[in-house]
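Visitor: Read off the chains here:
There are 2 protein chains.
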Amino acid sequence: MRIVELPEIVATLDEAAAIAAIEDGFRRLHRGEVQLAEVGHLNFADPPGDCHVKGGHIAGDTVFVFKFATSFYRNPARGLSSSNGFMIVVSAETGEQLAMLRDEGLLTDTRTAIAGAIAARAILRPGSTTLGVVGTGIQAKMQGEMIARLLGLDEILVHGRSAGRAAALAAELGGEAVSPAELCARADLIVTTTPSTTPVLTEAMVRPGTRIVAVGADTPGKQELETALTAKARLIVDSAVQCAHHGEAGWPVRAGLVAAESLVELGALLENPVAFAETDIVVADLTGVAVQDIAIAKTVWERLSG
Amino acid sequence: MRIVELPEIVATLDEAAAIAAIEDGFRRLHRGEVQLAEVGHLNFADPPGDCHVKGGHIAGDTVFVFKFATSFYRNPARGLSSSNGFMIVVSAETGEQLAMLRDEGLLTDTRTAIAGAIAARAILRPGSTTLGVVGTGIQAKMQGEMIARLLGLDEILVHGRSAGRAAALAAELGGEAVSPAELCARADLIVTTTPSTTPVLTEAMVRPGTRIVAVGADTPGKQELETALTAKARLIVDSAVQCAHHGEAGWPVRAGLVAAESLVELGALLENPVAFAETDIVVADLTGVAVQDIAIAKTVWERLSG
Numbered sequence: 001m002r003i004v005e006l007p008e009i010v011a012t013l014d015e016a017a018a019i020a021a022i023e024d025g026f027r028r029l030h031r032g033e034v035q036l037a038e039v040g041h042l043n044f045a046d047p048p049g050d051c052h053v054k055g056g057h058i059a060g061d062t063v064f065v066f067k068f069a070t071s072f073y074r075n076p077a078r079g080l081s082s083s084n085g086f087m088i089v090v091s092a093e094t095g096e097q098l099a100m101l102r103d104e105g106l107l108t109d110t111r112t113a114i115a116g117a118i119a120a121r122a123i124l125r126p127g128s129t130t131l132g133v134v135g136t137g138i139q140a141k142m143q144g145e146m147i148a149r150l151l152g153l154d155e156i157l158v159h160g161r162s163a164g165r166a167a168a169l170a171a172e173l174g175g176e177a178v179s180p181a182e183l184c185a186r187a188d189l190i191v192t193t194t195p196s197t198t199p200v201l202t203e204a205m206v207r208p209g210t211r212i213v214a215v216g217a218d219t220p221g222k223q224e225l226e227t228a229l230t231a232k233a234r235l236i237v238d239s240a241v242q243c244a245h246h247g248e249a250g251w252p253v254r255a256g257l258v259a260a261e262s263l264v265e266l267g268a269l270l271e272n273p274v275a276f277a278e279t280d281i282v283v284a285d286l287t288g289v290a291v292q293d294i295a296i297a298k299t300v301w302e303r304l305s306g
Numbered sequence: 001m002r003i004v005e006l007p008e009i010v011a012t013l014d015e016a017a018a019i020a021a022i023e024d025g026f027r028r029l030h031r032g033e034v035q036l037a038e039v040g041h042l043n044f045a046d047p048p049g050d051c052h053v054k055g056g057h058i059a060g061d062t063v064f065v066f067k068f069a070t071s072f073y074r075n076p077a078r079g080l081s082s083s084n085g086f087m088i089v090v091s092a093e094t095g096e097q098l099a100m101l102r103d104e105g106l107l108t109d110t111r112t113a114i115a116g117a118i119a120a121r122a123i124l125r126p127g128s129t130t131l132g133v134v135g136t137g138i139q140a141k142m143q144g145e146m147i148a149r150l151l152g153l154d155e156i157l158v159h160g161r162s163a164g165r166a167a168a169l170a171a172e173l174g175g176e177a178v179s180p181a182e183l184c185a186r187a188d189l190i191v192t193t194t195p196s197t198t199p200v201l202t203e204a205m206v207r208p209g210t211r212i213v214a215v216g217a218d219t220p221g222k223q224e225l226e227t228a229l230t231a232k233a234r235l236i237v238d239s240a241v242q243c244a245h246h247g248e249a250g251w252p253v254r255a256g257l258v259a260a261e262s263l264v265e266l267g268a269l270l271e272n273p274v275a276f277a278e279t280d281i282v283v284a285d286l287t288g289v290a291v292q293d294i295a296i297a298k299t300v301w302e303r304l305s306g
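If you read the protein sequences in the order shown, they are chains U and A.
Heads up: the first sequence begins at 1 in the numbering used here, then just goes up one per residue.
Heads up: the second sequence begins at 1 in the numbering used here, then just goes up one per residue.
Watch out, some of these pointers could steer you wrong.
What the hints assert, rightly or not - Label pairs and their computed distance ranges (CB to CB):
id, chain 1, residue 1, chain 2, residue 2, range
1, A, Asn43, U, Ala259, 32 to 38 Å
2, U, Glu93, A, Glu33, 36 to 42 Å
3, A, Glu203, U, Gly60, 24 to 30 Å
4, A, Ser81, U, Ala259, 46 to 52 Å
What the hints contain is simulated information worked out from the structure, not anything from laboratory work.
C-beta atoms are modelled at their ideal positions from N, C-alpha and C, and glycine is treated no differently.
Just chain U, with the same shape it has in the complex:
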C-alpha cells in the first residue's frame, strides 16, 4: 500500500478532473449505480468527539474508497486540528489496499466546495453577476473563490458574525464585507457556510429569483435559512434522505410545509435540467454524500498510478 502524504496529494489533485468525477458521481448515484456502505459512527462524550466511516463503489470502477474521519472539538485548545482522517483506495478486483491518502481534510474540503460549485452552476440564473458569501470559515473561502471563478461572477459580497474576519475574507476574495440585508439585496447567488442553529437569512430578506447554495446544515439542529424561506423555495438536495433528516430542507419537510417527495436530488437535476422561472427562489441543500469522497479519491489515485 502506498502512503500518500498531503504535499503529494496537493501536487496531484486536478480540479477539473475532480469536478468532472464528482459531477459524474452525482449522476451515477441518481441512476442507482453507486453501492454505498452503511455509515459507521462512534460518539465520544469526554472529551466530546465523533468518528465517521463512509465508503462505496461506483459500478464499473476498478477501485473503491473508504473515508475515515474524526472530529474532536477540544483539540484546538491543545494546539491540534479538530479534524483527522484519511481515505483508502482499494482494488475492486483483489481487495488489496492500493493507497492511503493522508489528506488532513483537504479532499473533504475540496469535494464539499466542488459540490457547491456544481450545484451553483445547475441552479444559476442567467445574467447573474454577484455572489454573496455567508460565513468566514474554510468553506466560505473555498466556495467563494471557486464559485466566483468557475461561474464568472465578478462581484463578491461577504457577511460574517465577526466583522474583522468578514473584512479579511472579503479582502482575500477581492470583494466587500456587508450586512446580511445588503448581501441579500445585491447578490444573485448566495452560498451559506455557517454552523448556525438559528436562521441567518430570512424570508423577508431574500428577493425573488435568488439562488442559494446552503452547505452549513449537516447535522440535526443546524439551520441557516428561515423555514418560511425554504418552504417557498424550489428545493434541490444532494441526498433526499439525508436532507430531509438533517439538512436545510428538513425544516420545512418536518414542519409539514413541503412534501419529502418534492425534493429533487442534484443528480436528477444534472441528468434532467430544469428551466427555473426567473422569479423562482432555488435552494440547493448540500449535506455531503460518500460518492463525492469516492470520486475525488479516485481521481487522485488515477493520476498517481497512471
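Use these hints to put chain A onto chain U, whose structure you have.
Guide: For chain A alone, coordinates are given in the frame of chain U:
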C-alpha cells in the same frame, strides 16, 4: 501515525494479555460498556468479493479501533491471498490515528482462536482429557493447539474431509486422524472449524456431556452441527443477534425449536458462570464480534507504545 508491519506485530503480540483483554471485552460487551459502530459492508460480483468495516470503543479506553477487511475469492488463482486488511488504533481523546496494524489477518485469526479457547474453558466438563478438532484449516490448527495447551487436554483427535490434510494436522498437533464417529465417541471437547453448509456432526454421533465450540458458521447458509443436535444442546453464543441470524444456533431458532431468548451470551456466562449438568451437551457458537478486534489491537498498541 505509526505503520506497523506483520513481523513487529508478531514480536509484540502477547498471548496472555490478548486473552485477558478479549475475555474482558466479552464481559464489558455483556455489561453494555462497548460502543459498536454499524458494520460497513460492500459486495462485489465480478470478480466475487466483499469488504467489511467494523469498529468500536470500550468505555474508558484511551483508544478505539476500526478493522478493515476484504475477501476476494479468486485471488488464490492469481497467486494472491484472498484476505486483505488492517486495523487502525485511534486516540479516543483527540481522534488522531495512532497506528495502522498491517496484520495480514493474523490478529483476526488469533482473536478468533482466543475466543474459542475462552469459550472452551467456560463450558469444559471437569476431568476432560480429549480434544476433537473438525477441519484442517488455519482455525483448526490454531484452536487445536491453543485449546489443548491452555486447557491441558493431552489427547488430540483430528477429522478432515481430506485424509492427507487431516493426517498432516494430526502430526503437527501430536494427535491422530480419525473418523467423525470415532472423534465423537472419544472426545470430551470438540471444536468445529469448517465452512461446511451441511452438518458434519449429527445428533446420533454426539455423546451426552460433550462440549462443542463451533466456529465455522459465520455467514448465512453455513452449518456444521445437525439442527437436532443444537436443538437439544445448551447454547452459548458470542452475540445473540448474530448467532440467531447466521450462526450455528440460528438453525434451531429459525426452525422454532429453540427460543431466541434462551441463547446465553458468552459475556453473560463469564460474568455469571453456570454449573452445567454432567450430561449436558453444551455448544458455544462463535460468529466473531468486533470487541475481539478492539481488544487484541488495543493490547498490541499498549505494548508498542508502553
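Visitor: If a hint holds in the structure, say so; if it does not, say that too.
Guide: How the hints compare with the structure:
For Asn43 of chain A and Ala259 of chain U, the Cβ-Cβ distance of about 33 Å falls inside the hinted range of 32 to 38 Å, so the restraint holds. Glu93 of chain U and Glu33 of chain A have their C-beta atoms about 40 Å apart, which keeps the hinted 36 to 42 Å range intact. Checked against the hint of 24 to 30 Å, the pair Glu203 of chain A and Gly60 of chain U fails, with Cβ atoms roughly 49 Å apart. Between Ser81 of chain A and Ala259 of chain U the Cβ separation comes to about 51 Å, which falls inside the hinted range of 46 to 52 Å.
Against the hints set out earlier in the document, a violation occurs for number 3 only.
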